[in-house]
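Asks: Position in the sequence shown (from 1) plus 17 gives the number in this note's numbering.
Everything labelled a hint here was simulated from the structure, so no lab data went into it.
Even for Gly, the Cβ is constructed at its ideal location relative to N, Cα and C.
Just to be clear, a hint being listed does not mean it is correct.
[Claimed, not checked] Ranges between beta-carbon positions, derived for each pair:
1. T102 <-> Q234: 46 to 52 Å
2. D176 <-> L355: 40 to 46 Å
3. D176 <-> A329: 40 to 46 Å
4. G303 <-> K76: 22 to 28 Å
5. P69 <-> R137: 31 to 37 Å
6. S135 <-> G188: 25 to 31 Å
7. K76 <-> A51: 24 to 30 Å
8. D302 <-> G240: 38 to 44 Å
9. T102 <-> S186: 51 to 57 Å
10. R118 <-> E244: 36 to 42 Å
11. F116 <-> G187: 26 to 32 Å
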Amino acid sequence: MRIGLIAPPWLLVPPPRYGGTEVVVDGLARGLAAAGHEVLLAAPEGSTCPVPLVPDMPKPSFDSSAIWSAGAELYHVARAYAALTDVDLVHDHTVAGPFFRYRPASLPVVTTNHGLFSSRLGDLYRLMGPDVSMVAISHRQAADAGGASIARVIHHGIDVDAVPVGDGSGGYAAFLGRMSPDKGPREAILVAREAGFRLLMSARVQGKEESDFFDSQVAPLLGPDVEFLGELTAAEKYQLLGGAAAFLNPIQWPEPFGLVMIEALATGTPVVGTASGAAPEIVDDGVTGYLRGTIRELAEALVLASALDRRACRQAAELRFSIGRMVADHVSLYSELLLGRMPSQGR
Numbered sequence: 018m019r020i021g022l023i024a025p026p027w028l029l030v031p032p033p034r035y036g037g038t039e040v041v042v043d044g045l046a047r048g049l050a051a052a053g054h055e056v057l058l059a060a061p062e063g064s065t066c067p068v069p070l071v072p073d074m075p076k077p078s079f080d081s082s083a084i085w086s087a088g089a090e091l092y093h094v095a096r097a098y099a100a101l102t103d104v105d106l107v108h109d110h111t112v113a114g115p116f117f118r119y120r121p122a123s124l125p126v127v128t129t130n131h132g133l134f135s136s137r138l139g140d141l142y143r144l145m146g147p148d149v150s151m152v153a154i155s156h157r158q159a160a161d162a163g164g165a166s167i168a169r170v171i172h173h174g175i176d177v178d179a180v181p182v183g184d185g186s187g188g189y190a191a192f193l194g195r196m197s198p199d200k201g202p203r204e205a206i207l208v209a210r211e212a213g214f215r216l217l218m219s220a221r222v223q224g225k226e227e228s229d230f231f232d233s234q235v236a237p238l239l240g241p242d243v244e245f246l247g248e249l250t251a252a253e254k255y256q257l258l259g260g261a262a263a264f265l266n267p268i269q270w271p272e273p274f275g276l277v278m279i280e281a282l283a284t285g286t287p288v289v290g291t292a293s294g295a296a297p298e299i300v301d302d303g304v305t306g307y308l309r310g311t312i313r314e315l316a317e318a319l320v321l322a323s324a325l326d327r328r329a330c331r332q333a334a335e336l337r338f339s340i341g342r343m344v345a346d347h348v349s350l351y352s353e354l355l356l357g358r359m360p361s362q363g364r
């Protein structure tokens with residue numbers, strides 16, 4: 018197949034440091050190409066994903082003034098569709114793209130909702146017509162779709178083979194994410210301290226809201242037993258995760274997926290977190306981690322986590338969260354669309 022992929026306009030593909038959707042798009046592009054498909058990727062200028070790239074795309078628009086700019090996204094989308102005239106299908110990871118008036122009417126379009134259907138953004142997805150096939154990234158996310166028609170639920174995957182396996186010999190707990198109350202960095206500190214574990218934290222601090230939260234809620238809790246490392250590169254991230262006895266993920270919101278959980282599992286590190294969002298679809302309680310509710314329960318689980326079999330964590334990533342599995346699921350959907358069959362609801 019000839020497949021056009023459209024990444025969001027905010028970050029490079031792959032992202033040099035923190036990134037979620039961009040990591041997924043990069044893996045999907047690489048995986049589709051490795052499977053023998055022709056891929057043309059529309060991503061911000063400067064992206065280094067090793068597939069053919071649409072030339073002359075705008076530069077990344079990720080800054081405090083443009084992050085939610087409709088104009089930036091629409092211009093990115095317009096440039097992308099103008100270049101994707103000789104493909105069989107487009108998989109659009111933007112929000113505006115499926116609404117773009119000037120995309121070819123006969124071109125099959127797939128879109129993935131990387132956010133919440135229960136948010137205001139979800140209202141837009143419910144307005145998308147039947148000519149757009151929608152992918153949800155977890156069953157928990159899809160459960161809130163309301164009137165939106167879900168063509169397929171496809172969990173994310175990563176290049177597990179490229180992730181080094183750690184032995185957890187650092188003996189610490191790790192936290193990795195955005196510096197947002199949704200991600201639970203404050204709760205991670207409280208859990209680690211309750212359990213008597215040293216905590217190493219890596220997080221992106223972007224914009225005033227995250228900076229204020231860090232200054233008021235997290236920084237006062239730092240000390241000899243809690244070290245903040247800032248934002249790490251991919252290699253540094255996997256070194257942090259692989260050396261940890263457990264990855265702490267006490268999220269405080271119904272996260273649609275949670276890529277960092279499968280990254281931790283790929284290093285062999287079990288996950289200890291709350292059962293919010295898609296976490297129960299990723300973590301096998303008592304096998305690859307523990308999902309609990311209160312700070313005390315999470316602390317007790319953290320103590321137990323170091324006894325879990327790290328090989329089971331790695332195996333779960335290999336079998337369920339690989340790029341190969343993610344690509345196969347998408348190719349199945351693409352093939353149905355090109356054969357003119359409507360995908361089955363919720364598959």
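Asks: Mind checking the hinted window 24 to 30 Å against the Cβ distance between K76 and A51?
Replies: holds (28 Å)
Asks: Assuming the hint says 51 to 57 Å, is it satisfied by the Cβ distance from T102 to S186 or not?
Replies: Given range 51 to 57 Å: holds, Cβ gap about 53 Å.
Asks: Take a look at whether the Cβ-Cβ distance between T102 and Q234 falls inside 46 to 52 Å.
Replies: holds (50 Å)
Asks: Look at the Cβ atoms of D176 and A329 and judge whether their distance stays inside 40 to 46 Å.
Replies: For D176 and A329 the Cβ distance comes to about 20 Å; the hint is violated.
Asks: Within 22 to 28 Å: is that where the Cβ-Cβ distance between G303 and K76 falls?
Replies: violated (47 Å)
Asks: Looking only at beta-carbon atoms, does the pair D302, G240 fall within the given range of 38 to 44 Å?
Replies: violated (31 Å)
Asks: Does the hinted range 31 to 37 Å hold for P69 and R137 at CB?
Replies: Distance hint for P69, R137 holds at roughly 35 Å.
Asks: How does the Cβ-Cβ distance of F116 and G187 compare with 26 to 32 Å: does it lie in that range?
Replies: violated (47 Å)
Asks: Does 36 to 42 Å hold as the CB distance between R118 and E244, or does it fail?
Replies: This hint is violated: roughly 51 Å between Cβ atoms.
Asks: Is it true that S135 and G188 lie within 25 to 31 Å of each other by Cβ?
Replies: violated (39 Å)
Asks: I want to verify a distance hint. Is the separation of the beta carbons of D176 and L355 within 40 to 46 Å?
Replies: violated (26 Å)
Comparing the model with each numbered hint stated earlier shows that hints 2, 3, 4, 6, 8, 10 and 11 do not hold.
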